[in-house]
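Based on the provided sequences and hints, a complete structural model is requested.
Line order of the protein sequences matches chains A and B.
For the first sequence, counting from 1, position 157 maps to 157 in our numbering; every step adds exactly one.
For the second sequence, counting from 1, position 241 maps to 599 in our numbering; every step adds exactly one.
One thing to keep in mind: the hints can contain errors.
[Unchecked claim] Examples of chain B residues lying across from chain A (beta carbon under 10 Å, computed):
#: 1; residue: Gly399
#: 2; residue: Ala446
#: 3; residue: Pro571
#: 4; residue: Tyr573
#: 5; residue: Pro583
#: 6; residue: Glu590
Note that these hints are calculated values from the structure, not bench results.
Built from N, CA and C at the ideal position, the CB exists for glycine as well.
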Amino acid sequence: MTGPLLLAVESSCDETGIALVEDGRRIHANVVASQVALHAPTGGIVPEVAARAHLRWIVPVLDEALVTAGVTMADVDAVAVTYGPGLAGSLLVGINFAKTLAWAHRKPLVPVNHLEGHVYAGWLLDPGDAERESPPFPLVALVVSGGHTFLVEMRDHLDYRYLGGTVDDAAGEAFDKVGRLLGLGYPGGPAISREAEKAVARDRVFPRAWLGDSFNVSFSGLKTAARRIVAHARADEGLPADEREGALPDRVVAELAWGFQDSVVDVLTAKTIRAAEEVGARGIVLGGGVAANAALRARISGEAEARGLAMVIPRPGLCTDNGAMIGAAGARRLAAGVRAGLDLDARPSLPLARPAAR
Amino acid sequence: MTAGGPILLIDTATTRAVIALGGPDGALVEQRGWLAGYRHGEELLARIDGLLADRGIATAELGAIAVGTGPGAFTGLRVGIATAKGLAHALDVPIVGVASGIALLDAALAAPAAAPAPAAAPAPAQLVLLQPAGPNDRVLTRRGERPAILPGGTDPDIRPGERLVAVDLAGRADEDAVALGEAAVDGLAAAMLATAAGRLAAGDADDLATLVPEYVTLPRGVRMPPTDAGVEVSGSQPRAERS
Ligand SMILES: [Zn+2]
Numbered sequence: 001m002t003g004p005l006l007l008a009v010e011s012s013c014d015e016t017g018i019a020l021v022e023d024g025r026r027i028h029a030n031v032v033a034s035q036v037a038l039h040a041p042t043g044g045i046v047p048e049v050a051a052r053a054h055l056r057w058i059v060p061v062l063d064e065a066l067v068t069a070g071v072t073m074a075d076v077d078a079v080a081v082t083y084g085p086g087l088a089g090s091l092l093v094g095i096n097f098a099k100t101l102a103w104a105h106r107k108p109l110v111p112v113n114h115l116e117g118h119v120y121a122g123w124l125l126d127p128g129d130a131e132r133e134s135p136p137f138p139l140v141a142l143v144v145s146g147g148h149t150f151l152v153e154m155r156d157h158l159d160y161r162y163l164g165g166t167v168d169d170a171a172g173e174a175f176d177k178v179g180r181l182l183g184l185g186y187p188g189g190p191a192i193s194r195e196a197e198k199a200v201a202r203d204r205v206f207p208r209a210w211l212g213d214s215f216n217v218s219f220s221g222l223k224t225a226a227r228r229i230v231a232h233a234r235a236d237e238g239l240p241a242d243e244r245e246g247a248l249p250d251r252v253v254a255e256l257a258w259g260f261q262d263s264v265v266d267v268l269t270a271k272t273i274r275a276a277e278e279v280g281a282r283g284i285v286l287g288g289g290v291a292a293n294a295a296l297r298a299r300i301s302g303e304a305e306a307r308g309l310a311m312v313i314p315r316p317g318l319c320t321d322n323g324a325m326i327g328a329a330g331a332r333r334l335a336a337g338v339r340a341g342l343d344l345d346a347r348p349s350l351p352l353a354r355p356a357a358r
Numbered sequence: 359m360t361a362g363g364p365i366l367l368i369d370t371a372t373t374r375a376v377i378a379l380g381g382p383d384g385a386l387v388e389q390r391g392w393l394a395g396y397r398h399g400e401e402l403l404a405r406i407d408g409l410l411a412d413r414g415i416a417t418a419e420l421g422a423i424a425v426g427t428g429p430g431a432f433t434g435l436r437v438g439i440a441t442a443k444g445l446a447h448a449l450d451v452p453i454v455g456v457a458s459g460i461a462l463l464d465a466a467l468a469a470p471a472a473a474p475a476p477a478a479a480p481a482p483a484q485l486v487l488l489q490p491a492g493p494n495d496r497v498l499t500r501r502g503e504r505p506a507i508l509p510g511g512t513d514p515d516i517r518p519g520e521r522l523v524a525v526d527l528a529g530r531a532d533e534d535a536v537a538l539g540e541a542a543v544d545g546l547a548a549a550m551l552a553t554a555a556g557r558l559a560a561g562d563a564d565d566l567a568t569l570v571p572e573y574v575t576l577p578r579g580v581r582m583p584p585t586d587a588g589v590e591v592s593g594s595q596p597r598a599e600r601s
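Now the structure itself:
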């Protein structure tokens, strides 16, 4: 071992994740119990159902992680846990479980912001991966998920300057809503990406909300436009307005999915690249569930490469919520002397900011 | 099988959080309660730490964890059960989930406030428990029946001869029912420890993984799916690959 081994717990939304991460980089185990299928029938997350599933799965996930890593709690140097932002009931399960493990095993407890976890996923190495350079500072990080869409500048570890973000919906929410409009079900992101791949004609244009020179983005106008464009497409196909009464032909669904995705990818890429140039960044880190989107990954990497910027995008399984990203961020916080007491509680609206040592 | 060491009890189903230590036989050694409101998580572990320290008991000496499963406040139940699971896992001791609602009825029955009034003595089946569930609804617990949800504005149908035990409903239920509720909360730890010790002696501990709280309210139109439905665990080697 070259650095501390962290047990990291994530339960802020609908994934129960527990990981063992060495030195903030090397994954020894990263087990995730995903509730995506559990919430599909309701087309979104029901907090009470999510919290109960966390309680049901947290012990098996912990056991699986310890077995996979081949360690016991005695080998662990600290316990890290997400304490916000997220769903209060879901956060409480992970927080109180992690807090109790840390107390009973006499390990330091490190509180981690879920959003910085998404950024720090960029530092992770899978078991067996060759060593590689860490993302270079200064950098710009774009986090895009079902709940969040924002850009930050980092000049050093744990140092965040907010550059801009969504003024209304998160990108992932827009994907879910348009996915529903197109009859693709929940969650919308992977379904839209899959359909967009199949588009033969790539000429459907959805509007872009540039919001001037700011680094802010807006998706509510795009959502409204999508409703109008889908309605027109249905009329063109001679279908009734109600999307439950007859599905659009696959070809049209694919074209519309491509057009919508292209609008989101275009705006996110342009804002991120401009932010990187303006702050003199040496690299870009992409994170969050929407960063699993293949079109976004390809476009932003291409643009970054053309400008000689280092581009860091974790593999899709590390972009969606997981414990390893909390272990990566937790190691930085541990090194900075950040600790939580036994009174650690959920902070559903926790902002991303430099943590204070304690 | 008995606990083999002191039983630590946690109940967070009501706004008054309760922790207690019992002997392996379930006899109450000491209980501590505090008004947690809906923020049970802030104090629970520090209070447990304090209770064990004051009694000179090391965590490793504990023989079992007993925890209230509700019905009651969602927030509290999550905190209590997540903490109990963490403890049972860390200490490698059995866990017993005890229905807090039935334990409150047991406690009310044993309370002096339930002593036979000259007119009528309540029989066990005649006590029914009323608690808030969420901001508007209430939940009614009858022995031998599943807890029933009372949507906001609905009155409980109290059957002839039944007597109400009201918890967390001061000012919103009859004084007599509220007083009996307070007595029930005072006796909750003893009632739960007795139940837990009985279950442990019978070798009837719960499965640490699958123990979940008793939920009775959900948003309109949402049904609680089966406990194991819709969850996929990934990220480790397939089981077959392990020796
Ligand atoms: Zn996330």
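For each hint, the structure was consulted:
Interface hint at Gly399 of chain B: satisfied, since its Cβ lies 5 Å from the closest Cβ of chain A, which is below the 10 Å cut-off. Against a cut-off of 10 Å between C-beta atoms, the interface hint on Ala446 of chain B holds, since the closest Cβ of chain A lies about 9 Å away. Checking Pro571 of chain B against chain A: minimum C-beta separation of about 7 Å stays under 10 Å; hint holds. The beta carbon of Tyr573 of chain B is positioned within 10 Å of a beta carbon in chain A (closest approach about 6 Å), and the interface hint is therefore held.
Interface hint at Pro583 of chain B: satisfied, since its Cβ lies 6 Å from the closest Cβ of chain A, which is below the 10 Å cut-off. With a least beta-carbon distance of about 5 Å to chain A, the hint placing Glu590 of chain B at the interface is held under the 10 Å criterion.
Checked against the numbered hints above, the structure violates none of them.
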